[in-house]
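A.B. asks: Given these sequences and hints, build the entire structure.
There are 2 protein chains.
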Amino acid sequence: MPHIALPEGFPGIRSLFMFNPVTAQPLNDLVQTLLHDPSTSTLTPGERELIATYTSSLNQCKYCATTHGAIAKYQLGGDAAVVEAVKIDPQSAEISDKLKALMKIAAKVQQDGRKVSTADVENARSQGATDKEIHDTVLIAAAFCMFNRYVDGLATWAPDDAAVYDAIGKQRASEGYHTKPFKVTSPA
Amino acid sequence: MPHIALPEGFPGIRSLFMFNPVTAQPLNDLVQTLLHDPSTSTLTPGERELIATYTSSLNQCKYCATTHGAIAKYQLGGDAAVVEAVKIDPQSAEISDKLKALMKIAAKVQQDGRKVSTADVENARSQGATDKEIHDTVLIAAAFCMFNRYVDGLATWAPDDAAVYDAIGKQRASEGYHTKPFKVTSPA
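Chains A and B supply the protein sequences, listed in that same order.
This note's numbering applies: residue 1 is where the first sequence begins, and numbers increase by one.
This note's numbering applies: residue 1 is where the second sequence begins, and numbers increase by one.
Hints listed in this document are in silico derivations from the structure and should not be mistaken for laboratory results.
Beta carbons: idealized from backbone N, C-alpha and C, even for Gly.
Please note that a few of the clues may not be correct.
As the list claims (entries may be wrong) - Derived list of chain B stretches under chain A, where covered just means 3 residues or more per stretch with a C-beta under 8 Å from a C-beta of chain A: (1) 2-9; (2) 18-25; (3) 28-35; (4) 55-65; (5) 115-122; (6) 146-152.
To be verified - Only pairs whose alpha carbons sit at most 25 Å apart, straight line, appear in this in silico DMTMM-like list of lysine to aspartate or glutamate: (7) K170/A - E8/A; (8) K115/A - D160/B; (9) K132/B - E8/A; (10) K62/B - E94/B; (11) K115/A - E8/B; (12) K132/A - D29/B; (13) K62/B - D112/A; (14) K62/B - D120/A; (15) K170/B - D160/B.
C.D. replies: What follows is the structure, encoded as structure tokens:
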């Protein structure tokens, strides 16, 4: 049960967006530009969703890891296997060497920003990562350290039904984040 | 030295805002509404800046802890002593019992959102905190877990000169966050 009185039937962060619209707007704008808009990064939306999924998985945030895992799957053309592999260990997943190097940076950021070393950054550069891609990786990982804490710090509802996450993932991947909240009619 | 090529003479997050304006906009909007606007919270701007300062201090983010500490000081009418006391231990600082209870929640969020317990929330309520104030506390602490990681994960420049932070603090406290970046003409 959530720590505060939230609208019923809306899981995770959507219930918080309805509770406090004044912060929902910039948070939604952030995730739209950071993860979804094709023109704002040379990392694909699928790669960016994988970084968000991996960070959320490290933070053990069920709602965010499952939701963004489902979005990543749809952004990657339905490849559920790579999403599950990244959650377990990006270094042995079937992703590019550049993305593996960026995932190492994301894992450091998840622990503490100060842990990102010059060697981590040089390693990413040697795999072809640009300054902008290193920047985007750090900000995505940092942003999900916020979103995960916001969702779990207020004990929002995380459904158990995998079909709910899949439906949210399909909608977000195609429509982005400025869509209407996803209402679950019969809370599982 | 920053991990990526950032504009020189602009400390901390401001150099990142100039590097990537597309994410600067929602991040600045977030901090403006979350910390500065008087109408968006029943916590005062000073109390909200203290929560941001304390979280940044727990994350050992020099730039954010010192900057928001200076903003808090100006929002609290120049009370530097209470800011320093909160950084060391909010429970023995001269702040209200309600704010002490909210600081306990912020400290849990800084570690992991899942650590916030029903007892923590009931304790805050017993000291007069509303659902909205509990929400705002969780989001401020969560947001600074992002800002701290963004600033330190890219190794941005944190000046050593206390006068720089004081000048930034004075400006932000009076003008808010939608002001021009603070350029330090001779990097210390």
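A.B. asks: Compare the structure with each hint and give your call.
C.D. replies: Structure-based check of each hint:
1. Proximity of the stretch 2-9 of chain B to chain A, defined as three or more residues with a beta carbon under 8 Å from a beta carbon of that chain, is established by the 3 residues found.
2. Residues of the stretch 18-25 of chain B with a Cβ under 8 Å from some Cβ of chain A number 5, which satisfies the need for three, so the listed coverage holds.
3. Evaluation of the coverage hint for the stretch 28-35 of chain B: fulfilled, as 4 residues show C-beta separations to chain A shorter than 8 Å, against a requirement of three.
4. Check result for the stretch 55-65 of chain B against chain A: holds, 3 residues qualifying (beta carbon to beta carbon below 8 Å, three or more required).
5. Coverage of a stretch by a chain is defined here by at least three residues with a beta carbon nearer than 8 Å to that chain's beta carbons; for the stretch 115-122 of chain B and chain A the count is 3, and the condition holds.
6. For the stretch 146-152 of chain B, the stated coverage by chain A holds: 7 residues have a C-beta nearer than 8 Å to a C-beta of that chain, and at least 3 were required.
7. The hinted pair formed by K170/A and E8/A meets the criterion: a straight-line CA distance of about 22 Å does not exceed 25 Å.
8. In summary, the hint linking K115/A to D160/B is supported, as the alpha carbons are separated by about 21 Å, within the 25 Å threshold.
9. Straight-line distance between C-alpha atoms of K132/B and E8/A comes to about 17 Å, which keeps the hinted pair within the 25 Å bound.
10. In summary, the hint linking K62/B to E94/B is supported, as the alpha carbons are separated by about 23 Å, within the 25 Å threshold.
11. Note on K115/A and E8/B: the hinted pairing holds, with a Cα-Cα distance of about 23 Å set against a maximum of 25 Å.
12. Pair hint K132/A plus D29/B holds up; C-alpha atoms about 22 Å apart against a cutoff of 25 Å.
13. For the hint linking K62/B to D112/A, the alpha-carbon distance of about 13 Å falls within 25 Å, and the restraint holds.
14. Under the criterion of a C-alpha separation no larger than 25 Å, the hint pairing K62/B with D120/A is consistent with the structure, at around 22 Å.
15. As the CA atoms of K170/B and D160/B are separated by approximately 17 Å, the hinted pair is consistent with the 25 Å bound.
Checked against the numbered hints above, the structure breaks none of them.
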